[in-house]
Amino acid sequence: GKRNWSRLPRRYDGKVSMMDAAVKINQPVIRPDVDNRGFTQRVISRSRVNTGLCWQCKCCSSGCPFSDAMDYLPNQVIRMVQLGMKKEVLSCSAIWLCVGCHTCSMECPTAIDMAAVMDALRQTAIEEKFVIAEPDILNFHKEVVNSIYRYGRTHKLEIMLRYKLTTRRFLADMDVGLRMFSKRKLDLRPSKVHHIASVRRMFGQQRGARP
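Read in order, the letters of the sequence shown correspond to residues 1 to 211 in my numbering.
I should point out that these hints are in silico values taken from the structure, not numbers from a laboratory. Ideal placement from N, C-alpha and C gives every residue a C-beta, glycine not left out. Treat the hints with caution; some may be incorrect.
[As the list claims (entries may be wrong)] In silico lysine to aspartate or glutamate, EDC-like type, Cα no more than 16 Å apart, as pairs:
{"#": "1", "residue 1": "K185", "residue 2": "D173"}
{"#": "2", "residue 1": "K185", "residue 2": "D175"}
{"#": "3", "residue 1": "K156", "residue 2": "E134"}
{"#": "4", "residue 1": "K185", "residue 2": "E158"}
[Unchecked claim] What follows is a set of in silico ranges between Cβ atoms, one per label pair, in the way DEER data are often shown:
{"#": "5", "residue 1": "D71", "residue 2": "C101", "range": "17 to 27 Å"}
{"#": "6", "residue 1": "D175", "residue 2": "T154", "range": "15 to 25 Å"}
{"#": "7", "residue 1": "L188", "residue 2": "S45", "range": "43 to 53 Å"}
{"#": "8", "residue 1": "R189", "residue 2": "R46", "range": "36 to 46 Å"}
{"#": "9", "residue 1": "F66", "residue 2": "F170", "range": "23 to 33 Å"}
{"#": "10", "residue 1": "T154", "residue 2": "G38", "range": "18 to 28 Å"}
Construct the complete structure from the given sequences, taking the supplied hints into account.
So this is what it looks like as structure tokens:
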């Protein structure tokens, strides 16, 4: 049907801006080149986020608690997605340093779920066998997921021990581990949920299969 342009935000001269119109009707502000459309559209489809609505206001980067450690800021990451810079964005460390706190998603004036975009980029990097910029972080994620698959919940002590075996840094963070153990934050024996099969079905696996 016809758009009701009279209800869209107006500029100082009384005209409807292209930016406001695009956001109001949920259309992308920019469109990637034809050659780059494939990667960009895959990220949009997987994350269910219209990345084209980003106008680079940098609210996401301003609120990110880990932006100082990233090689690319969140707004730069989404810009690379818009431009189809597949190699650069899937090889960067920023997508792995994101902890999914959703601060960026809450700050975004166009309601872009940046955390979902980061998740989609991590999944794509793994599937397409890109060199992982932060392999230790990926290993930690794997141990957490494996623990949930085995027990239906996380067993922190086992996660820590298995993670240390992959990194070979056995003495790192020992002081933290001892404090957690002294405060009974680390159970020696894992506890399993009653309906573990239901949990494993969430992984799309049959009983007894490995994630």
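Structure-based check of all given hints:
| no. | hint | result |
| --- | --- | --- |
| 1 | K185 <-> D173 | 15 Å, holds |
| 2 | K185 <-> D175 | 14 Å, holds |
| 3 | K156 <-> E134 | 21 Å, violated |
| 4 | K185 <-> E158 | 13 Å, holds |
| 5 | D71 <-> C101: 17 to 27 Å | 19 Å, holds |
| 6 | D175 <-> T154: 15 to 25 Å | 21 Å, holds |
| 7 | L188 <-> S45: 43 to 53 Å | 44 Å, holds |
| 8 | R189 <-> R46: 36 to 46 Å | 38 Å, holds |
| 9 | F66 <-> F170: 23 to 33 Å | 26 Å, holds |
| 10 | T154 <-> G38: 18 to 28 Å | 37 Å, violated |
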